[in-house]
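J.: Numbering (my numbering), first residue to last: 594 to 676.
FYI, nobody ran anything at the bench for these hints, they're computed from the structure.
Model, not experiment: these values are computed from the prediction.
We treat Cβ as the ideally placed atom computed from N, Cα and C, and that holds for glycine.
Among the hints, a few may not be true.
Pair ranges (Cβ atoms, derived) [as the list claims (entries may be wrong)]: (1) R628 <-> Q654: 41 to 51 Å; (2) L655 <-> S615: 36 to 46 Å; (3) N610 <-> A653: 36 to 46 Å; (4) A634 <-> L655: 40 to 50 Å; (5) G656 <-> S615: 44 to 54 Å; (6) G647 <-> K598: 10 to 20 Å; (7) A634 <-> E606: 34 to 44 Å; (8) I648 <-> N596: 18 to 28 Å; (9) N596 <-> A653: 21 to 31 Å; (10) I600 <-> T650: 34 to 44 Å; (11) G635 <-> L599: 17 to 27 Å; (12) P612 <-> I648: 30 to 40 Å; (13) S615 <-> G647: 30 to 40 Å.
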Amino acid sequence: MQNFKLIDEIVQELKLNYPALSDYELLSIAIQKQRNDILIAGLSVCQDRSYPSGIETIAAQLGLKARYRDDDDLSELNLDILD
594 MQNFKLIDEI VQELKLNYPA LSDYELLSIA IQKQRNDILI AGLSVCQDRS
644 YPSGIETIAA QLGLKARYRD DDDLSELNLD ILD
């Protein structure tokens, strides 16, 4: 499980690098950064099969992987949702 930085930690880092920004701007940027980090962690396809990404885990739970051999590379799978 990946631990994400708290918004307060991100704000403190931003304050050091960008002291001219207002608290509102710092907080907005920190929230966006944390949201992006969570999305990247959940949606990125991991090359290490022992730690599947969130989207890969959901697909496996829905039975997508059952249609393919275990050694198939699903990272380049082109899904046609109109099947």
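J.: Please go over all the hints and tell whether each is borne out by the structure.
T.: Hints, one by one, checked against the model:
1. A beta carbon spacing of about 24 Å between R628 and Q654 contradicts the range 41 to 51 Å that was offered as a hint.
2. Separated by about 44 Å at the C-beta atoms, L655 and S615 satisfy the suggested range of 36 to 46 Å.
3. Checked against the hint of 36 to 46 Å, the C-beta distance between N610 and A653 comes to roughly 40 Å, which is consistent with it.
4. One distance hint, 40 to 50 Å for the beta-carbon pair A634 and L655, is violated here, with the actual separation near 20 Å.
5. Separation of G656 from S615 is about 49 Å and conforms to the stated range, judged on CB atoms against 44 to 54 Å.
6. Checked against the hint of 10 to 20 Å, the C-beta distance between G647 and K598 comes to roughly 18 Å, which is consistent with it.
7. Take A634 and E606: their Cβ atoms lie about 19 Å apart, and the range 34 to 44 Å is violated.
8. Distance hint for I648 and N596: a CB-CB separation of about 20 Å, consistent with the stated range 18 to 28 Å.
9. For the hinted restraint 21 to 31 Å between N596 and A653, the CB-CB distance of approximately 23 Å keeps it satisfied.
10. Under the hint 34 to 44 Å, the C-beta atoms of I600 and T650, about 26 Å apart, miss the expected range.
11. Separated by about 18 Å at the C-beta atoms, G635 and L599 satisfy the suggested range of 17 to 27 Å.
12. Distance hint check for P612 and I648: the Cβ-Cβ separation is about 38 Å, which falls inside the suggested range of 30 to 40 Å.
13. Distance hint check for S615 and G647: the Cβ-Cβ separation is about 34 Å, which falls inside the suggested range of 30 to 40 Å.
The structure does not agree with the numbered hints 1, 4, 7, 10 stated previously, though it agrees with the rest.
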